[in-house]
Amino acid sequence: MTAATDGRSTATDAGRRIEEAAREIAGAGASAPDPARDPVNQAMINNWVEAIGDANPVYTDPAAAAASVHGELVAPPAMTQVWTMRGLHGARPDDDPLRRMTELLDEAGYTSVVATNSTQTYHRYLRPGEHVAASAVLEGVVGPKRTALGDGWFVTTRTTWYVGDEAVAEMTFRILKFRPPEPQDPGNSDDGTRTADAAPVLRPVVTRDNAFFWEGLRDGELRIQRWGGTLRHPPGPMPPDGDLEAEPDYVVAAGTGTVYSFLVHHHPPVPGKRLPFVLALVELDEGVRVLGELHDVDPDEVHIGLAVAASFDRIDDDLTLPAWTVRS
Amino acid sequence: MTGGIGGEAAIAGIGATEFSKDSGRTELRLATECVSAALADAGLSASDVDGLVTFTMDGNAEIALARELGIPELTFFSRIHYGGGAAAATVQQAAMAVATGMADVVVAYRAFNERSGSRFGQVSSSVAQQANTSGVDNGYHYPAGLATPAATVAMVAQRYLHDYGASSEDFGRIAVTARARAATNPHAWFHGKPITLADHQASRWVAEPLHLLDCCQESDGGVALVVTSAERARDLRRPPAVIAGAAQGSGPDQYVMTSYYRDDLAGLPEMGVVGRQLWRQSGRTTSDVDVAVLYDHFTPYVLMQLEELGFCGRGEAKDFVADGRLDLDGQLPLNPHGGQLGEAYIHGMNGIAEAVRQLRGTAANQVAGAETALVTAGTGVPTSGLVLTVP
Amino acid sequence: MTITAGTELPPLTVEATPTFVVASALATRDFQDVHHDRDAAVARGSQDIFLNILTDTGLVQRFVTDWAGPDALVRSVDLRLGVPCYAGDELTFTGRVAEVDGDEVTVSVSGTDSLGEHVSATVRIEVTA
Chain Z
9 MTAATDGRST ATDAGRRIEE AAREIAGAGA SAPDPARDPV NQAMINNWVE
59 AIGDANPVYT DPAAAAASVH GELVAPPAMT QVWTMRGLHG ARPDDDPLRR
109 MTELLDEAGY TSVVATNSTQ TYHRYLRPGE HVAASAVLEG VVGPKRTALG
159 DGWFVTTRTT WYVGDEAVAE MTFRILKFRP PEPQDPGNSD DGTRTADAAP
209 VLRPVVTRDN AFFWEGLRDG ELRIQRWGGT LRHPPGPMPP DGDLEAEPDY
259 VVAAGTGTVY SFLVHHHPPV PGKRLPFVLA LVELDEGVRV LGELHDVDPD
309 EVHIGLAVAA SFDRIDDDLT LPAWTVRS
Chain X
3 MTGGIGGEAA IAGIGATEFS KDSGRTELRL ATECVSAALA DAGLSASDVD
53 GLVTFTMDGN AEIALARELG IPELTFFSRI HYGGGAAAAT VQQAAMAVAT
103 GMADVVVAYR AFNERSGSRF GQVSSSVAQQ ANTSGVDNGY HYPAGLATPA
153 ATVAMVAQRY LHDYGASSED FGRIAVTARA RAATNPHAWF HGKPITLADH
203 QASRWVAEPL HLLDCCQESD GGVALVVTSA ERARDLRRPP AVIAGAAQGS
253 GPDQYVMTSY YRDDLAGLPE MGVVGRQLWR QSGRTTSDVD VAVLYDHFTP
303 YVLMQLEELG FCGRGEAKDF VADGRLDLDG QLPLNPHGGQ LGEAYIHGMN
353 GIAEAVRQLR GTAANQVAGA ETALVTAGTG VPTSGLVLTV P
Chain W
53 MTITAGTELP PLTVEATPTF VVASALATRD FQDVHHDRDA AVARGSQDIF
103 LNILTDTGLV QRFVTDWAGP DALVRSVDLR LGVPCYAGDE LTFTGRVAEV
153 DGDEVTVSVS GTDSLGEHVS ATVRIEVTA
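Residue numbers (this note's numbering), protein chains in the order written: chain Z, 9 to 336; chain X, 3 to 393; chain W, 53 to 181.
Hints are not guaranteed to be accurate.
[Claimed, not checked] Label pairs and their computed distance ranges (CB to CB): (1) W/THR56 with Z/ARG24: 48 to 56 angstroms; (2) Z/ARG25 with W/GLU169: 34 to 42 angstroms; (3) Z/ALA38 with X/GLY26: 55 to 63 angstroms; (4) W/THR146 with Z/ASP324: 32 to 40 angstroms; (5) X/GLY72 with Z/ASP326: 46 to 54 angstroms.
[Claimed, not checked] Some residues of chain Z that are not near chain X, with every Cβ distance over 12 angstroms (derived): (6) ALA34; (7) THR68; (8) ALA72; (9) PRO284.
Source of the hints: derived by calculation from the structure; they are not laboratory data. We put the beta carbon where it would ideally sit given N, CA and C, even for glycine.
With the sequences and hints as input, model every part of the structure.
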């Protein structure tokens with residue numbers, strides 16, 4: 009494997025603007041402590057333990073709680089965040105860093121959100137009657153990253169809950185704000201070539217040595233480099249005998265061959281592909297191997313030796329990929 | 003014997019961070035922690051170090067590491083290409099630098115947040131479209147959808163099954179063995195979590211014919227190895243692991259993970275190149291190997307390595323691995339730490355550390371009386387290997 | 053109870069019925085539509101309504117204290133979400149003691165559903181016996 013660098017190398021101006029804004033928001037520090045709507049209370053604890061199915065008596069049974077290490081009723085630590093949730097009509101305060109970052113990413117097109125990590129640390133248990141307030145700070149914004157859900161930014165915030173001046177709990181919370189991929193709708197055009205979702209497809213690196221191959225595909229030709237009597241694929245700048253004076257040309261393959269090996273890709277998602285899909289390494293009748301997707305086939309029916317014919321996956325005006333269909 | 007490292011250098015210290023899925027700190031911090039641990043293990047300090055070696059892929063510049071650790075001067079720094087194929091070659095580079103007097107103490111390191119950061123198991127457009135010959139090569143594969151390491155291996159594995167009549171269960175035996183070892187290694191991510199062949203068969207497809215349990219984990223962590231002359235190593239804290247052989251190898255018509263245009267797809271000739279050098283340099287043969295640490299990012303390539311290295315004939319690995327031959331008390335104990343399938347995926351460097359522990363007699367799953375260890379690096383790519391021995 | 057590293061926790065299976073998904077979202081005061089409005093969830097690209105993260109935190113805490121008992125003090129819950137848990141699925145928690153350091157016990161928890169690992173968590177508790 010070669011380097012899997014992160015998405016930063018493709019960062020655009022928009023990306024830099026997001027990073028700058030994130031630095032500013034982080035630099036503004038923690039938001040003012042925002043008090044919970046209600047104090048810690050037994051009614052909400054009861055609702056919570058009913059829903060979660062938690063039978064721990066220290067939350068609901070005064071006698072058992074009195075006899076426990078707590079000496080009195082306490083709230084479930086996992087409810088800490090619940091006390092300061094916004095509720096049905098609540099809005100985050102203006103200085104809330106997650107609100108500001110969310111608005112910014114929404115504007116940049118990263119409109120979907122999913123929570124990815126939550127690390128909560130509880131310094132002590134809360135008791136009914138105590139009133140908590142939460143204060144949050146932006147810890148970091150990383151992106152754009154390509155994820156299974158789409159390109160997006162990871163936003164990490166750190167929240168501290170206070171009772172008075174006492175910090176009682178902390179949480180590091182990470183969400184992914186992502187741009188949902190466009191729905192895929194590969195169809196077939198009149199000339200039998202296939203159109204696919206253009207935007208996310210990975211593109212080949214075209215050089216003087218291989219331009220004829222990619223140009224040929226655009227014209228519906230599967231071209232194989234020829235040095236005198238020898239065919240070679242993938243193509244390169246030198247003949248097998250090392251003759252610096254030699255000039256290559258190409259032959260147009262008949263487009264028939266057999267499956268030399270194959271795989272069925274199930275995971276992870278690949279840009280522009282519907283899962284699962286079959287990739288076949290095909291030995292052409294001319295004697296060289298070429299790789300491409302094998303279309304319109306039940307993966308269970310594919311086997312080494314299966315006869316196939318070349319087809320052409322037209323991605324857009326610039327790019328057409330070699331592909332295969334089963335020869336009947 | 004001509005050529006080779008000839009036992010002039012040794013691994014004098016090993017160090018590692020914990021292996022996790024989210025280290026919670028930077029890769030540079032991981033690198034400093036594992037290098038510091040390795041130096042402490044050797045009884046050396048940062049001021050003794052004058053050389054650093056790592057993978058081309060490593061995100062931590064040698065100079066950044068030197069700054070953090072307080073290494074005053076470096077006289078040797080080098081990087082090895084081709085992903086995990088670099089692992090054993092970092093030690094080879096270090097040994098060559100020591101043997102030629104270019105440096106006295108060279109640390110080989112690899113540290114990454116491979117699970118919580120940029121995951122190799124996902125599709126990476128920057129890999130596909132890099133502006134160099136590897137990017138050109140990838141153009142014949144990535145755009146078509148062959149875009150993950152597992153998929154690249156699946157293509158070769160399918161042909162291997164076809165050519166030699168092997169089955170997915172033969173691959174599964176490697177995974178079961180690795181997880182059995184990891185189950186009793188407290189440092190392994192899968193400590194206490196062995197699997198059965200039925201678990202392997204029931205795990206979901208990733209890239210058919212590879213199940214999920216044919217694929218190694220993704221991990222955060224770092225490992226470092228301190229290399230110095232065999233003579234100096236003898237006077238340090240720990241018994242040295244002498245580098246009796248160290249080799250790199252690339253084969254005919256070589257590509258990175260996609261050497262699909264060779265006459266014979268179902269082999270790893272680059273590992274054959276490594277093996278021939280190792281046996282020649284070390285004066286040892288397969289029958290001398292007490293413990294084998296073979297790179298196991300994907301199970302099929304473990305079978306193929308056994309063949310390329312000469313432990314069995316082509317296509318015979320499926321029979322070789324049956325009957326407990328790879329168990330701790332078997333003929334060829336394999337990956338006693340649990341390998342990358344069971345312990346952690348630290349790009350092969352944790353396997354080298356395990357070989358050193360085996361020779362010291364301090365491993366969690368110790369092979370009794372281990373005196374000669376074989377270690378290999380990443381497969382499907384130009385690769386490397388080591389033969390390590392007790393002094 | 054003697055707690056040693058490697059001890060497996062008794063598994064816990066939770067039926068993620070639509071009622072459970074909605075009730076737990078509301079009990080955690082999470083009114084995001086994807087947790088109670090199926091049409092809205094589908095329009096946002098999900099196949100159904102799904103569990104919210106505050107419920108995961110609660111379930112993970114419950115799973116560990118069901119085993120450790122009422123006197124165990126939960127000190128931290130660190131969780132990472134994987135595949136969604138949609139209404140109608142079944143969520144099974146398994147866990148293992150990763151480390152014991154005096155009174156402090158670290159438990160690794162995994163919750164899987166039909167799509168794969170929904171949540172993995174590390175829970176630190178204090179057990180004063």
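Structure-inconsistent hints, enumerated in ascending order: 3, 4, 9
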